[in-house]
Amino acid sequence: MARWIEKYRSILDFTLSSLVRRKGKNLSLLVVYVLVVFMLGSAMFLTEAMKREASLVLKGAPEMVIQRLLQGRYDPIPMSYLEKIRGIRGVISAEPRLWGYIYDSAIGANYTLMVPRNVALPSGEIMIGNGISRRRMIYSKDMMSFNLSNGSSRVFTVRDVISPESELVSADLVLLSEGDFREIFELPSTHATDLVVKIRNPKELVTVAKKVMELLPDTRPIIRDEMVRTYDSVFDWRGGIVTVLLMMALLAFVILAWEKASGLSADEKREIGILKAIGWETSDVIAVKAYEGLLISFFSFTVGILLAYGHVFFFSAALFAPAMKGWSVLYPDFRITPFVDPYQVAVLFFLTVVPYTVATIVPSWRAAIVDPDSVMRS
Amino acid sequence: MILHPAIVALLLVSLLTTGMTLYGAYFGIGIMRRWNLKSGSEGQLALERRTYLISTLLAYVLIFQVGSLFLFVQTAESLHNQFVGAMCAAGSLNVDPYGYPAFLLKILNVILAGLWLIINHVDNGAHDYPLIKKKYALLLVLAPLFLAESVVQTLYFLELKADVITSCCGSLFSSEGNGVSSDIAAIPAKAAMAGFYLSFGLTFVLGGIYWFKGKLGGLFSFASGLFFLVSCISLISFISLYFYELPTHHCPFCILQREYHYIGYLLYAALLTGVVSGLGVGVLMPFAGVGSLAGSLPLFQKRLAMVCLVAYLLFTGIAICRMIGTDFTLG
Amino acid sequence: MIKLLNVRKGFNLGRPNEFVAVDGVTLSMEANRVTVLKGPSGSGKTTLLSLIGCMARPTSGRIILQRGLPREYLFPNGGDTTEVEVTSLPERFLTEIRRRTFGFIFQQFNLLKGITVLENVMLPAFPLGEKHGVVKKRALALLEMFGLSGRALAKVEWLSGGEAQRVAIARALMNNPPVIIADEPTAHLDSKLSSAFMEIIARLKDQGKTAIIASHDPLVFEAKMVDRVISVRDGMLEGDTA
Numbered sequence: 001m002a003r004w005i006e007k008y009r010s011i012l013d014f015t016l017s018s019l020v021r022r023k024g025k026n027l028s029l030l031v032v033y034v035l036v037v038f039m040l041g042s043a044m045f046l047t048e049a050m051k052r053e054a055s056l057v058l059k060g061a062p063e064m065v066i067q068r069l070l071q072g073r074y075d076p077i078p079m080s081y082l083e084k085i086r087g088i089r090g091v092i093s094a095e096p097r098l099w100g101y102i103y104d105s106a107i108g109a110n111y112t113l114m115v116p117r118n119v120a121l122p123s124g125e126i127m128i129g130n131g132i133s134r135r136r137m138i139y140s141k142d143m144m145s146f147n148l149s150n151g152s153s154r155v156f157t158v159r160d161v162i163s164p165e166s167e168l169v170s171a172d173l174v175l176l177s178e179g180d181f182r183e184i185f186e187l188p189s190t191h192a193t194d195l196v197v198k199i200r201n202p203k204e205l206v207t208v209a210k211k212v213m214e215l216l217p218d219t220r221p222i223i224r225d226e227m228v229r230t231y232d233s234v235f236d237w238r239g240g241i242v243t244v245l246l247m248m249a250l251l252a253f254v255i256l257a258w259e260k261a262s263g264l265s266a267d268e269k270r271e272i273g274i275l276k277a278i279g280w281e282t283s284d285v286i287a288v289k290a291y292e293g294l295l296i297s298f299f300s301f302t303v304g305i306l307l308a309y310g311h312v313f314f315f316s317a318a319l320f321a322p323a324m325k326g327w328s329v330l331y332p333d334f335r336i337t338p339f340v341d342p343y344q345v346a347v348l349f350f351l352t353v354v355p356y357t358v359a360t361i362v363p364s365w366r367a368a369i370v371d372p373d374s375v376m377r378s
Numbered sequence: 001m002i003l004h005p006a007i008v009a010l011l012l013v014s015l016l017t018t019g020m021t022l023y024g025a026y027f028g029i030g031i032m033r034r035w036n037l038k039s040g041s042e043g044q045l046a047l048e049r050r051t052y053l054i055s056t057l058l059a060y061v062l063i064f065q066v067g068s069l070f071l072f073v074q075t076a077e078s079l080h081n082q083f084v085g086a087m088c089a090a091g092s093l094n095v096d097p098y099g100y101p102a103f104l105l106k107i108l109n110v111i112l113a114g115l116w117l118i119i120n121h122v123d124n125g126a127h128d129y130p131l132i133k134k135k136y137a138l139l140l141v142l143a144p145l146f147l148a149e150s151v152v153q154t155l156y157f158l159e160l161k162a163d164v165i166t167s168c169c170g171s172l173f174s175s176e177g178n179g180v181s182s183d184i185a186a187i188p189a190k191a192a193m194a195g196f197y198l199s200f201g202l203t204f205v206l207g208g209i210y211w212f213k214g215k216l217g218g219l220f221s222f223a224s225g226l227f228f229l230v231s232c233i234s235l236i237s238f239i240s241l242y243f244y245e246l247p248t249h250h251c252p253f254c255i256l257q258r259e260y261h262y263i264g265y266l267l268y269a270a271l272l273t274g275v276v277s278g279l280g281v282g283v284l285m286p287f288a289g290v291g292s293l294a295g296s297l298p299l300f301q302k303r304l305a306m307v308c309l310v311a312y313l314l315f316t317g318i319a320i321c322r323m324i325g326t327d328f329t330l331g
Numbered sequence: 001m002i003k004l005l006n007v008r009k010g011f012n013l014g015r016p017n018e019f020v021a022v023d024g025v026t027l028s029m030e031a032n033r034v035t036v037l038k039g040p041s042g043s044g045k046t047t048l049l050s051l052i053g054c055m056a057r058p059t060s061g062r063i064i065l066q067r068g069l070p071r072e073y074l075f076p077n078g079g080d081t082t083e084v085e086v087t088s089l090p091e092r093f094l095t096e097i098r099r100r101t102f103g104f105i106f107q108q109f110n111l112l113k114g115i116t117v118l119e120n121v122m123l124p125a126f127p128l129g130e131k132h133g134v135v136k137k138r139a140l141a142l143l144e145m146f147g148l149s150g151r152a153l154a155k156v157e158w159l160s161g162g163e164a165q166r167v168a169i170a171r172a173l174m175n176n177p178p179v180i181i182a183d184e185p186t187a188h189l190d191s192k193l194s195s196a197f198m199e200i201i202a203r204l205k206d207q208g209k210t211a212i213i214a215s216h217d218p219l220v221f222e223a224k225m226v227d228r229v230i231s232v233r234d235g236m237l238e239g240d241t242a
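Residue numbers (my numbering), protein chains in the order written: chain A, 1 to 378; chain B, 1 to 331; chain C, 1 to 242.
Simulated from the structure, these hints should not be mistaken for laboratory data. Remember, it's a predicted structure, so these values are computed and weren't measured experimentally. Hints may be right or wrong, so weigh each one.
[To be verified] Lysine to any residue pairs mimicking SDA-like chemistry, simulated, CA-CA at most 25 angstroms apart:
| # | chain 1 | residue 1 | chain 2 | residue 2 |
| --- | --- | --- | --- | --- |
| 1 | B | Lys-161 | A | Ser-163 |
| 2 | A | Lys-269 | B | Tyr-52 |
| 3 | B | Lys-215 | B | Leu-117 |
| 4 | A | Lys-25 | C | Thr-116 |
| 5 | C | Lys-113 | A | Val-234 |
Build out the structure end to end from the sequences listed, making use of the hints.
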C-alpha cells in the first residue's frame with residue numbers, strides 16, 4: 001500500500017513539473033474551460049438565488065388568496081363575498097386587499113400601488129420604494145403625480161422612502177390610502193382587488209379551497225404552496241433552458257479538449273516514448289495523463305466557480321440578469337444574497353468536469369500505448 | 001418533463017457511462033473471439049493495448065456512477081417542492097413508476113461496476129490474465145443494465161410533471177400505507193433490530209473465521225450481502241427514526257441532507273464499500289484454483305474481507321452511537 | 001542468461017508494406033560478458049536489441065531469461081526460479097521484468113528536457129514506488145560516481161555532450177539492473193568520449209554487469225573489453241566470434 005502511494009505520488013510530482021514546463025500549451029484550453037464553468041455556474045447560481053428570493057418573498061405571502069374571475073380573467077371581487085367565506089368552517093379571518101399596477105411613462109416602468117393593511121396613511125400622502133426613488137430622484141417631502149383612470153392627474157406628497165432591506169419586494173412599491181387608491185383606479189367601495197383568507201389548520205387548505213369554489217363558483221382560490229411550486233418550476237425551467245443552450249458551448253469545449261488531448265506535439269510524443277523505454281508502463285503514462293486532466297479541471301473549475309460567484313453575488317449577474325430575471329427596469333441595484341449549495345457545485349461538476357474527463361480518456365490512452373522501442377527506431 | 005440543470009447533468013452522465021460500458025462490451029466480444037496470449041501477432045498486441053483503455057473507462061464509470069447515484073437522490077430531493085404531498089426525495093421518486101426502479105438500478109450498477117473492477121484488478125495481477133474472457137463476458141451483462149438504467153432514468157424525468165399529487169415520505173414510509181416500502185416500515189422495530197444485530201454478528205464471525213483460518217469465504221461473502229440488505233431495511237425500519245427523532249419518519253433519504261450533517265453520505269458510502277468488497281470475496285472464490293492466482297488471491301481476498309468488515313463496523317458504529325446518543329427512544 | 005530460440009519479428013504483416021526485421025534468430029548470451037551486435041543500419045540489430053531487452057514481443061519464437069531475475073515477483077508462491085519465458089507475457093509484466101533487469105542507453109541519450117539532471121536520473125525508479133528520499137539518495141550517489149554531483153540541479157539542455165552521455169548512463173543504472181543495453185551509444189560522440197564510454201562499460205563489467213551493445217563503430221566492437229561480437233545482416237545472424 002505504501003509503495004503504491006509512493007508510486008502515484010512520484011508520478012503526480014512528475015505530472016506537476018511537466019505541466020509547469022508546458023504552461024503555454026494548455027492556456028487556450030484553460031481559458032475556455034474557465035469560461036464554460038463560469039457561464040454555467042452563473043446561470044445556476046442565479047436561478048437558485050432567484051428561487052430562494054422568491055421563496056423568501058412568498059414566505060410572507062398569505063396562505064390563501066381568493067380572486068374573482070370574469071370571462072376567464074381576473075376581475076375585482078365584491079366585498080359581499082367576505083361574509084360567505086368567513087362562514088366556512090376552519091376559516092379564521094378573511095380580509096380584502098387593494099393593489100394594482102400603474103404605468104409611468106417617464107421611466108417606462110410599472111409601479112405596484114398598494115393600500116397597506118396595518119397603517120392608515122392620510123389622504124394625499126404616499127410612501128415609495130427606493131427603486132422608484134432612485135430612478136425618479138424623488139425623496140422624502142417631494143411631490144409625485146399619477147395619471148388617474150379618467151385622464152386627469154393627481155399630485156401626492158412623498159412621506160417616506162421604504163427602507164431598502166428587501167428590495168426585491170419593495171423596489172417598485174407605492175403605498176397610499178384606501179380613498180386615494182379607489183380614486184386613482186375608480187374602484188367602487190363595494191369591491192376589492194382580492195381577498196386574503198387565514199385558515200386554522202394548514203392541512204385543511206385544500207378542503208377550504210374546495211368549499212370556496214362550491215360556494216362562489218366565479219372565484220379562484222390560490223394557495224401559497226402552489227405559488228412556491230410554480231415559481232420553483234418556472235425558475236428551474238429557465239435554468240434548464242439556459243443549461244441546454246450552454247450545451248452547445250459545452251460541446252465545443254469538449255471537442256476542443258479532445259483536440260488538445262489528441263494533438264500531442266513531437267516533443268511530448270518523444271517524452272512519452274522515453275518514459276516507456278526507461279521502464280514506465282502504459283498504465284503509468286495513463287496515470288500521468290489522468291493527473292494532468294485532474295489538475296487542469298481542478299484549476300479551471302475553482303477559478304470558474306469563483307468568478308461565477310463574484311459575478312452573480314457581487315455584480316448582480318450583470319451579464320445574464322436581463323435574460324434570467326425579465327423584471328422591470330427598476331432593479332438595477334438588485335443584489336442577491338450570497339448563497340451556494342454544495343449540491344449546485346456537484347451539478348456543475350457533473351456538467352463540466354465529467355464531459356471533459358471523458359473526452360480525454362481515449363486520447364490519453366492513445367498517447368500511452370506508444371511502443372517502448374519507438375525511441376530506438378526513430 | 002421538468003427541466004433542471006441537474007436533470008440535464010444526470011442524463012448526460014448516464015449517456016456517457018452507458019456509451020462507455022457498451023463500448024467495453026463490444027470490445028469484449030472481440031476479446032472472447034480472438035484473445036490468444038501465446039501469440040505475439042500484431043492483432044493480439046493491439047487487443048492487449050486496448051484492455052488498458054477498457055480498464056480506464058470502467059474505473060471512470062464506477063466513479064461517475066457513484067456520483068450520479070447521490071446526485072440522483074439529491075435531485076429528487078430538490079424537486080420535491082414541485083409535487084403536492086412530496087416532502088422529500090422519497091415522495092419525488094414516487095411521482096411516476098420509474099423513480100424507484102431507476103434508483104435501484106443505479107445501486108445495482110454501482111455494485112456491479114465495483115465487482116468488475118475487483119475482478120479486473122485480480123486478473124491484471126496474474127501474468128497470464130486467467131480471467132480475461134470471464135471479465136469481458138461480465139461486461140456483456142453490465143452494459144445492458146447500464147442501458148436499462150439510462151432508459152428508466154430518462155423515462156422517470158420525462159414523466160415528471162410538477163403538481164402531480166404524490167404520497168410524501170410521511171405516507172409512503174408510514175406504517176399505514178401499503179406496498180413493499182411500508183411493509184418494511186411496518187416491521188416491528190424489535191424484530192428488525194434483532195435481525196440487524198444477528199446478521200452483523202454473523203458477518204463478523206464468518207469474517208473472523210475467514211481472516212484467521214481462510215475458510216468459509218463463500219459463506220462470509222453471502223453474509224456480507226445479506227447484511228447489506230438487512231441494513232437497508234433497518235435504515236428504513238428503525239435506524240432512521242433515531243436520526244430524525246421522530247417515531248413515524250421512516251425515510252432513508254433525508255439523512256443525506258444538511259439538517260442531519262450529511263451523515264447519510266458516510267453511512268451509504270460505508271454500506272456500498274462493504275457490500276462491494278464483501279461480495280468481491282465471493283465472486284473471486286471460484287478462481288482459487290487458478291495457478292497463476294494461487295499466490296496472490298487469498299491475500300487479496302482477505303484484504304477485501306477486512307475492508308468489508310471495517311466499512312460495516314463504521315456503518316454500525318455510527319448507527320449505534322446515534323441510538324445511544326439521542327434522547328429519543330422507540331416506545 | 002538470455003536465450004533466443006528461432007525468434008522472428010515482423011511489422012505490418014499481411015499488408016503490402018510488411019517487412020521482417022528479425023528472422024529466425026537463435027542465440028544465447030552469458031552473464032558478465034560484453035557482447036556487441038554489429039551490422040549496417042537497417043540490419044535489424046536495433047530490433048533484436050529491443051527484443052532481448054523485453055521492449056517488444058516477438059511475432060514468433062521464444063525468449064527465455066535466466067537467473068537473477070525478479071521471478072519471485074511473478075510467482076510469489078515459488079515454482080521454477082531458474083528461468084522465465086518472456087515471450088507470452090503481457091506488457092504489464094514484461095515492463096516489470098524489464099525495469100529490474102535492463103538499463104537502457106540510447107543513441108540520442110533521450111534525456112527529458114526542461115527538468116533537472118537529478119530528476120532525469122530518478123525517472124526510471126518512479127514506477128517502482130520506492131520512497132522518494134531513498135531514490136534521491138541513490139541518484140545522487142550515481143551522479144557522484146560519474147563526477148556529476150555539481151550538475152545535479154542543472155537543466156539537461158545546459159549539459160555538454162560528455163556530461164549528457166554520463167547522465168544517460170547514470171539513469172540506466174538507476175534501478176541497479178544486471179544488464180546494460182546500449183543502442184549505438186557512440187554515434188554522437190567524438191573518439192575521446194567514445195573511448196571514455198567503453199571505459200565505463202569495462203568498469204561496469206568489473207562490477208559484474210552484463211552489457212549488450214548494438215553498434216557499427218569499430219571503436220566499440222574492436223575495444224579490448226568486448227568478449228563477443230555478433231554480426232547481423234537482413235535480420236539474420238551472419239557471424240559470431242564466440
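Verification of the hints:
Our distance criterion of 25 angstroms between C-alpha atoms is broken by B:Lys-161 and A:Ser-163, whose separation comes to about 40 angstroms. With a C-alpha separation of about 18 angstroms, the suggested pair A:Lys-269 and B:Tyr-52 falls inside the 25 angstroms cut-off, and the hint holds. Note on B:Lys-215 and B:Leu-117: the hinted pairing holds, with a Cα-Cα distance of about 24 angstroms set against a maximum of 25 angstroms. For a cut-off of 25 angstroms, the pair hint linking A:Lys-25 to C:Thr-116 stands: about 21 angstroms separates their Cα positions.
Distance hint between C:Lys-113 and A:Val-234 is unfulfilled; the C-alpha atoms sit about 56 angstroms from each other, more than 25 angstroms.
Checked against the numbered hints above, the structure breaks hints 1, 5 and satisfies the rest.
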